[in-house]
Amino acid sequence: MKDKIMSLKEAIELYVEDGDLIGIGGLSFWRKATAATREIIRQKKKNLGVVSFVGGICADMLIGAGCLDRIRTSFIGMELFGLAPNHRRAVGAGQIKVFEETEATIALGLKAIYLKLPFLPLRGLLETDILKVRDDIKEFNCPLTGDKLVACPPIQVDVAIIHVPYADEKGNGNIQGPVWLDDDLAKTAKKTIVTCEKIVETEDIIHFQGKGQIPMQKVDAVVKVPFGAHPTSCFPFYTYDADHMMKYIQYCQTADGFKEYEKEYIAVASHEEYLEKIGGIKEILKIMT
Amino acid sequence: MVDYTTDELLTILMARQVTNKDVMIVGVATPIVWSAFTLAKVTHAPDAIFHYLMGNTFVWEARQVSLLWLELGAASRCHRLHNTGECTLELLPHDILTTIEFFRPAQIDQFGNTNNTVIGDWHKPKVRLPGAAGIPDFSGLYSAGQHLYVPRHDKRTFVPAEKLFFRSGVGFVDGTRPLTDYGLIGRGPKFVITNLAYLDFDPKEHRMRIKTVHPGVTVEKVQENTGFELLKAPDLKETKPPTETEVRILREKVDPLGIRKLEVLTGKERAELLEEIIRKEYSRVDRMPPRL
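Going down the list, the sequences are from chains A and B. Under our numbering, read the first sequence as residues 1 to 289, first letter to last. Under our numbering, read the second sequence as residues 1001 to 1292, first letter to last.
Among the clues, some could well be false.
Claimed, not checked - Beyond 12 Å from chain A on every Cβ pair, some chain B residues (computed):
| id | residue |
| --- | --- |
| 1 | THR1005 |
| 2 | LYS1155 |
| 3 | ASN1225 |
| 4 | LEU1231 |
| 5 | LEU1236 |
What the hints assert, rightly or not - Once the Cα atoms are required to be at most 16 Å apart in a straight line, the calculated EDC-like pairs of lysine to aspartate or glutamate come out as:
| id | chain 1 | residue 1 | chain 2 | residue 2 |
| --- | --- | --- | --- | --- |
| 6 | A | LYS44 | A | GLU17 |
| 7 | A | LYS263 | A | GLU276 |
| 8 | A | LYS224 | A | ASP3 |
| 9 | A | LYS247 | B | GLU1275 |
| 10 | A | LYS247 | A | GLU79 |
| 11 | A | LYS286 | B | GLU1275 |
| 12 | A | LYS187 | A | ASP220 |
| 13 | A | LYS218 | A | ASP3 |
| 14 | A | LYS97 | B | ASP1121 |
| 15 | A | LYS2 | A | GLU169 |
| 16 | A | LYS46 | A | GLU13 |
| 17 | A | LYS132 | B | ASP1121 |
| 18 | A | LYS97 | A | ASP20 |
| 19 | A | LYS277 | A | GLU260 |
| 20 | B | LYS1280 | A | ASP243 |
| 21 | A | LYS286 | B | ASP1286 |
| 22 | B | LYS1204 | B | ASP1174 |
| 23 | A | LYS4 | A | GLU201 |
| 24 | A | LYS190 | A | ASP158 |
| 25 | A | LYS148 | B | ASP1181 |
| 26 | A | LYS198 | A | GLU169 |
| 27 | A | LYS286 | B | GLU1281 |
| 28 | A | LYS44 | A | ASP18 |
No wet-lab data here; the hints were simulated from the structure. Treat the numbers as computed from the prediction; the structure is a model and nothing was measured. Here a beta-carbon is modelled for each residue, glycine too, at the ideal position from N, C-alpha and C.
So here's chain A without its partners, still in its complex pose (with noise of 0.2 Å):
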């Protein structure tokens, strides 16, 4: 078996092509692949898109860094803390693609492709504007009942990256707390990067709830990375870091000043420097459960 461990800066040349529909894990605050979004605004990819179910600060940073050019995501915000400032900004001023997505066109979109169907049929965004901004959404009647019914096109992610707790050698990847549709991206991705917190004996995985949701099967590259999704959460370990957001926030009142939370927080030599800038010993204590 090909040796999938490696390092972040690895994993994204090898696997992270420009131009790429990214597939991020997670959720707002929760688990998101953030160690691997700096890495691929570090390695200066272009033209990506995002899909992610719930978007965060992941997508946002993307959009500050210049690295997307489209997003379909069902509700990216930063959750009590206020608007994603950049993609507010870039959404705005038209820099972006929004394909509107919902939270059923994404689940669906991704079954799609396990069953290699050209839409799969729903009972809801009828009379939604959805229909108007989406001409790959369509109405129709159901050839059984007569039903009306709207059909949502599969979504094929390139690359899917998904931070998780415990990952072993081989891929599998245990996901402890929420999966949300991590799962159904890594299987139907055509390329899977999975960084955790924690590397073990694939006998761990079989015993932790949840067993391995993340197949090895479907995994190219395993990039250890504790406090890999800081500033958001990563459960069982760590809950999301709230003082940083704001601060996040703060910068990305501007796109300079994005630009300056880019020089401090994401053109960093390690990760080991990240958690440095970040605060160190002292913010990691604070957040861990």
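We have chain A already, so just place chain B on it with the hints.
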């Protein structure tokens, strides 16, 4: 009469809507809704079950509302009764498992159609909002009716149908036909709870009407703050105010840090409260939110 604040009034009125057999869907960043569900659970609806998007889990137990440690209560081993593989598909509202969820629209029209997507033209928005998440999927499907709340009742939020920038949630469409004609199998919007009134929908005209006004609020004031003409229910009366017990349990047990207030406050006051909540929660030694 017992003293209460706007956030407490909203929370308590919303809690009263929960029935004992409901599955209460707790979304992200909606502490008023979470507080309301938790209050209902520890008072009149002990058999209602939480479903946390934060955890994709059905949770039986009630724990104190938390801003920073909610994932522990929602996802930890001892709480996690079931994995719901993917909440969107498994929890589509239907008749067998009565799911209820409170949506907070950025805009709402007289027929209960809502917008959480953009302010301005979608193609070149003045403000791009976070998005409507699952609202476009579910809004037409709720068998228990769509539950809505608006913490700040004003003309920016309550707009006539032609001024709704984007219809991301479907209400009674244009009010002219039964919902089944549009292929919608739900019962449409059921009510809107605001800081001024309890609004429901006229069963014939499918238009929003004033059902009860909150203590100290006049019908005129509600109308002045609404961008379209409200109908009046034939039995229009005053809202039953929060009781001493409801207020006490909410303040002391359910949400002692006042996280729900973040949905109501603005500016400096809100920033200060947010900072205070963050400091208090990070300084907690036992990080699991207390069991109620």
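Holds or violated: are the alpha carbons of LYS263/A and GLU276/A at most 16 Å from each other? Given that 16 Å is the threshold and the Cα spacing comes to 15 Å, the pair holds.
Has the given pair, LYS218/A with ASP3/A, been kept, meaning a C-alpha gap of at most 16 Å? The given pair, whose Cα atoms are some 14 Å apart, holds under the 16 Å limit.
Please verify whether LYS44/A and GLU17/A have alpha carbons no more than 16 Å apart. Holds, because 10 Å separates the two Cα atoms, which is no more than 16 Å.
Is the hinted pair LYS4/A and GLU201/A satisfied, with a Cα-Cα distance of at most 16 Å? Given that 16 Å is the threshold and the Cα spacing comes to 14 Å, the pair holds.
Given the hinted pair LYS132/A and ASP1121/B, is their Cα-Cα distance within 16 Å? Status holds; Cα separation ~12 Å.
Does ASP1121/B sit within 16 Å of LYS97/A, going by the straight-line distance between their CA atoms? 14 Å, holds
Is the straight-line distance between the alpha-carbon of LYS224/A and that of ASP3/A 16 Å or less? Satisfied, since the Cα-Cα distance of roughly 14 Å is no more than 16 Å.
When you look at the beta carbon of LYS1155/B, is every beta carbon of chain A farther off than 12 Å? Consistent with the label, LYS1155/B stays out of reach of chain A, its closest Cβ about 22 Å off (over 12 Å).
So if I understand the rule, the pair passes when the alpha-carbon distance is 16 Å or less; does LYS44/A with ASP18/A pass? 9 Å, holds
Would the least Cβ to Cβ distance between THR1005/B and chain A come out above 12 Å? 18 Å, holds
Is LYS286/A within 16 Å of GLU1275/B, Cα to Cα? 15 Å, holds
For LEU1236/B, is the shortest beta carbon distance to chain A beyond 12 Å? Answer for LEU1236/B: holds, closest chain A Cβ roughly 30 Å.
In the structure shown, no violation is registered for any of the earlier numbered hints.
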